[in-house]
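Chains as they are written, first to last, in numbering that gives the first Met the number 0: chain L, 0 to 46; chain Z, 0 to 193.
A portion of the hints provided could be inaccurate.
[Claimed, not checked] Okay, derived cross-link-like pairs now, BS3-like style, lysine-lysine, Cα gap no bigger than 25 Å in a straight line:
(1) Z:K12 x L:K29
(2) Z:K27 x L:K17
(3) Z:K27 x L:K29
(4) Z:K27 x L:K32
(5) L:K29 x Z:K60
(6) L:K29 x Z:K63
(7) Z:K40 x Z:K128
(8) Z:K72 x L:K29
The set of hints was computed from the structure by calculation and includes no laboratory data.
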Amino acid sequence: MAKLYSKRTLATTKMLPKRETINFILNFSKALKVVKASNMNFEIIAN
Amino acid sequence: MATIQIPDALLVKNYIAGDENALAVLIKRHQSKIYGFIYSKMPDRDVADDVFQDTFIKVIKTLKSNSYNEEGKFLPWVMRIAHNLIVDHYRKNKKMPMLRETEEFSIFSILTDTSLNAESRIITDVIEKDLQKIVQELPPDQRDVLMMRIYQDLSFNEIADLTGVSINTALGRMRYALMNLRKVIDKNQIILTN
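Given only the sequences and the hints, what does the whole structure look like? Please build it.
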């Protein structure tokens with residue numbers, strides 16, 4: 000059988016953001032409330 | 000069994016209606032593409048994470064304030080936000096570049112401590128004291144000109160005015176002062192270098 004000289008690519012892992020980053024985004028989303036008053040937006044972040 | 004994928008548009012609609020889980024699904028679905036895009040423009044994981052986070056903060060704020068108009072193009076919209084943030088990042092860094100130490104690049108190649116170390120400081124002190132002693136040995140008229148020129152940084156014109164002599168006399172006194180200093184230094188074999 001013909002020998003394969005090409006190397007296996009190592010960069011097969013998908014590039015993904017850190018788990019903490021995702022968690023932060025999801026928590027931020029849960030905490031944020033936008034209240035509209037006439038033509039203004041108020042951002043309320045619940046701690 | 001074929002899995003049914005809820006379209007992005009519906010997830011966005013659900014999210015706006017208050018379904019927090021819809022956002023998790025959207026992020027999970029597109030994180031690889033968005034993060035890959037950001038990382039391709041800025042190959043630093045920490046910075047890429049920051050931009051990814053800022054992108055979604057912007058997405059969340061827009062969706063929650065109902066300013067998003069759905070045209071069935073959620074991903075391209077997020078990508079455009081990410082792209083704008085990347086541009087912003089580089090624009091900001093152009094003004095204040097951030098350097099990170101790597102194996103090939105040492106931060107100390109551009110960052111040096113120019114202050115003297117303890118030994119050099121002591122030597123400089125000794126030299127200055129020696130020099131002051133020698134200067135005190137000069138004849139008063141020469142010493143005055145030298146002090147005004149070197150320590151007070153006056154021009155020869157000003158020195159001439161202050162001492163009431165012509166500029167040529169002031170220049171001559173400076174010349175003799177330096178010659179006398181050299182003579183004393185040579186005679187006493189004083190080393191005045193650090």
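Comparing the hints with the structure gives:
1. Restraint check: the Cα-Cα separation between K12 (chain Z) and K29 (chain L) comes to about 16 Å, which is no more than 25 Å; the hinted pair holds.
2. A hinted pair counts as satisfied when its Cα atoms are at most 25 Å apart, and K27 (chain Z) with K17 (chain L) qualifies at roughly 12 Å.
3. Under the criterion of a C-alpha separation no larger than 25 Å, the hint pairing K27 (chain Z) with K29 (chain L) is consistent with the structure, at around 17 Å.
4. Pair hint K27 (chain Z) plus K32 (chain L) holds up; C-alpha atoms about 22 Å apart against a cutoff of 25 Å.
5. A distance of roughly 11 Å separates the Cα atoms of K29 (chain L) and K60 (chain Z); the hinted pair therefore holds under the 25 Å criterion.
6. A threshold of 25 Å between alpha carbons decides the hint, and for K29 (chain L) with K63 (chain Z) the separation of about 11 Å falls inside it, so the pair holds.
7. A threshold of 25 Å between alpha carbons decides the hint, and for K40 (chain Z) with K128 (chain Z) the separation of about 58 Å lies outside it, so the pair is violated.
8. For a cut-off of 25 Å, the pair hint linking K72 (chain Z) to K29 (chain L) stands: about 24 Å separates their Cα positions.
Checked against the numbered hints given earlier, the structure breaks only hint 7 and satisfies all the rest.
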